[in-house]
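S.K.: Chain by chain, the residues run as shown.
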Amino acid sequence: MKLKRCDSGHFYNGDKFPECPHCKKAKENAAGAPFYAEEPVTAPVASYMEEPVTAPIASYMEEPVTAPITSYVEEPVTALVSSYAPGAATVPHSSHTAPAGGNVSLQEAVNRAKAAPREEDEEKTIGLYQGKSGIDPVAGWLVCIEGSEFGASFTIKSGRNFVGRAANMDIVLHGDNSVSREKHAIILYEPKRREFIAQAGESRELFYLNDEVVLNPVRLKQYDILTIGNMRLMFFPCCGERFSWDDFKKD
Amino acid sequence: MGESVTVEIFPGEKRGLDIGVSSVLGTRSNQEDTVFAYASGKRALAVVCDGMGGLEGGELASKTAAESLAEAWFEHEDIEDIPEFLKKQALEADEKVFSQKNESGESIEAGTTIAAVIVRENELYWLSVGDSKIYIIRGEEILSVCQEHNYRMVLDERLGRGEITPEDYAAQEYKAGALVSYLGMGNLSLMDVNRRPFFLEDHDIVLLCSDGLYRSLTEKKILSLVRQNRESMKEAAKALTRAALEEKRQGQDNTSVVVLRYCKKGTEECE
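Protein sequences, first through last, are from chains H and B. If you read the first sequence in my numbering, its first letter stands for residue 265, the second for the next number, and so on. If you read the second sequence in my numbering, its first letter stands for residue 2, the second for the next number, and so on.
Careful, some of the hints might be misleading.
Stated by the list, open to error - Looking from chain H toward chain B, a few residues come up when the C-beta cut is under 8 Å (computed):
| hint | residue |
| --- | --- |
| 1 | PHE275 |
| 2 | LEU370 |
| 3 | GLN371 |
| 4 | ALA373 |
| 5 | ARG376 |
| 6 | LYS378 |
| 7 | ALA430 |
| 8 | ALA431 |
| 9 | ASN432 |
| 10 | ILE435 |
| 11 | SER442 |
| 12 | ARG445 |
What the hints assert, rightly or not - Cross-link-like lysine to aspartate or glutamate pairs, in silico, EDC-like; alpha carbons within 16 Å at most:
| hint | chain 1 | residue 1 | chain 2 | residue 2 |
| --- | --- | --- | --- | --- |
| 13 | B | LYS97 | B | GLU72 |
| 14 | B | LYS88 | H | ASP434 |
| 15 | H | LYS485 | H | GLU446 |
| 16 | H | LYS268 | B | GLU76 |
| 17 | B | LYS43 | B | ASP79 |
| 18 | B | LYS222 | B | ASP203 |
| 19 | B | LYS222 | B | GLU142 |
| 20 | B | LYS43 | B | GLU124 |
| 21 | B | LYS89 | B | GLU76 |
| 22 | B | LYS97 | B | GLU110 |
| 23 | B | LYS266 | B | ASP203 |
| 24 | B | LYS43 | B | ASP203 |
| 25 | H | LYS447 | H | GLU459 |
| 26 | B | LYS89 | H | ASP271 |
| 27 | H | LYS268 | B | GLU72 |
| 28 | H | LYS289 | H | ASP271 |
| 29 | H | LYS268 | B | GLU78 |
| 30 | H | LYS268 | B | GLU68 |
Bear in mind the hints are in silico, worked out from the structure with no lab data behind them. We put the CB at the ideal spot given by N, CA and C, even for glycine.
Use the sequences and the hints to build the structure in full.
M.R.: Below, the structure is given as structure tokens:
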């Protein structure tokens with residue numbers, strides 16, 4: 265079947281109809297047709313339609329209700345995502361609605377479809393230092409000195425820290441659309457040599473260290489300034505020559 | 002006076018999949034839901050998007066998201082990894098809605114939910130972001146397969162982990178309906194996608210709807226209306242929106258529904 269789309273956005277079978285059947289019908293029903301409003305249908309329609317159908321509507325209206333965007337709660341998003349493995353965009357939760365009948369197999373079938381996480385989604389890797397306390401100790405910080413997150417600090421952990429706008433990044437930079445969603449930059453702490461390194465990310469965007477573009481991995485020192493999108497972030501180490509969490513490790 | 006917009010979709014061939022679509026205004030002044038459904042042979046896509054945001058933002062948002070997914074689906078003849086495709090399309094749609102501008106060039110600051118299903122042979126894949134719902138109806142059972150991504154979900158988790166008391170929960174319940182994930186956030190990460198296919202059985206029915214439907218009708222009522230009209234999904238869809246309107250004469254939200262019935266035999270009559 266040859267799928268075609270007319271200028272009004274309708275999909276129709278190009279093999280069956282020489283011209284868009286929806287537009288044709290609209291022209292034929294032009295007088296007082298309730299079917300099309302100002303523009304034909306809010307959604308692209310495939311194939312051809314039956315006679316226009318109207319359903320009885322309540323005859324009075326309330327004042328127009330719009331859901332203000334400000335009612336979307338921002339804060340819980342980050343609180344929520346921190347409990348998911350980084351990189352996981354799927355949420356393998358089972359439905360919280362109990363099945364209507366006593367038949368378990370439908371619920372089981374649905375659970376099976378949701379299960380089987382991919383490798384990346386499996387148990388969150390426990391950082392080397394998390395141990396009993398379950399806390400990944402801070403290695404350093406990025407402090408925002410310019411941009412939408414001015415004044416905020418971001419923790420750098422041991423290992424790789426992905427920087428981006430998406431909520432599942434290790435360092436999430438909010439409110440700046442020029443920051444890539446995923447892996448705009450990678451900041452890593454190498455605990456053996458106690459070194460901090462900035463690495464190019466995996467997005468199309470570039471970022472800068474002290475106003476020089478970062479293409480190859482480069483070592484960071486205190487007071488270095490990273491420019492990511494429209495933000496400038498200053499680096500402060502916690503671990504280094506004089507201090508490391510290794511000093512506290514029990515044998 | 003509000004006008005109802007009913008979108009009828011006729012599958013290319015009746016074999017395999019019977020689809021019904023209905024979308025009504027309710028008592029609102031404009032339609033912020035967008036629905037799309039297409040089936041050909043044993044391949045189908047159905048989408049319901051419930052937009053929100055000032056002025057025309059909601060309408061634009063839901064339309065952008067639905068069209069984005071639909072166009073991508075039409076472009077890819079044979080998708081190898083459907084869950085991956087859905088996830089990728091959700092992120093793309095999120096980005097598109099987030100960066101959408103109105104005629105004056107200003108950001109529309111709107112968002113939309115999405116509930117979508119793809120059917121390939123007897124495999125069902127779904128995607129949900131927000132609080133639109135996807136139900137599977139098998140025999141006399143109805144089951145919602147996705148979570149509502151709203152603040153209530155967060156409260157429930159916190160209560161479950163003992164982080165808040167029942168009193169705290171009650172105190173915060175007034176914002177329970179606020180969405181915590183939607184297309185247009187710009188940094189979407191929370192979405193429901195089934196990693197493995199759900200295997201459809203003969204006469205299984207899949208129902209997608211915006212919250213206008215399930216906030217007016219109980220699951221029992223929805224199940225009963227669908228079963229009464231199981232010979233024709235078109236009739237089932239109409240019956241559902243009609244019932245939602247009758248249920249709530251005041252303050253009825255935009256209500257949209259797509260019902261899809263799977264028939265293994267794929268014969269003329271899908272009984």
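S.K.: Can you name, in rising order, the numbers of the hints this structure does not satisfy?
M.R.: 10, 11, 14, 15, 18, 25 and 26
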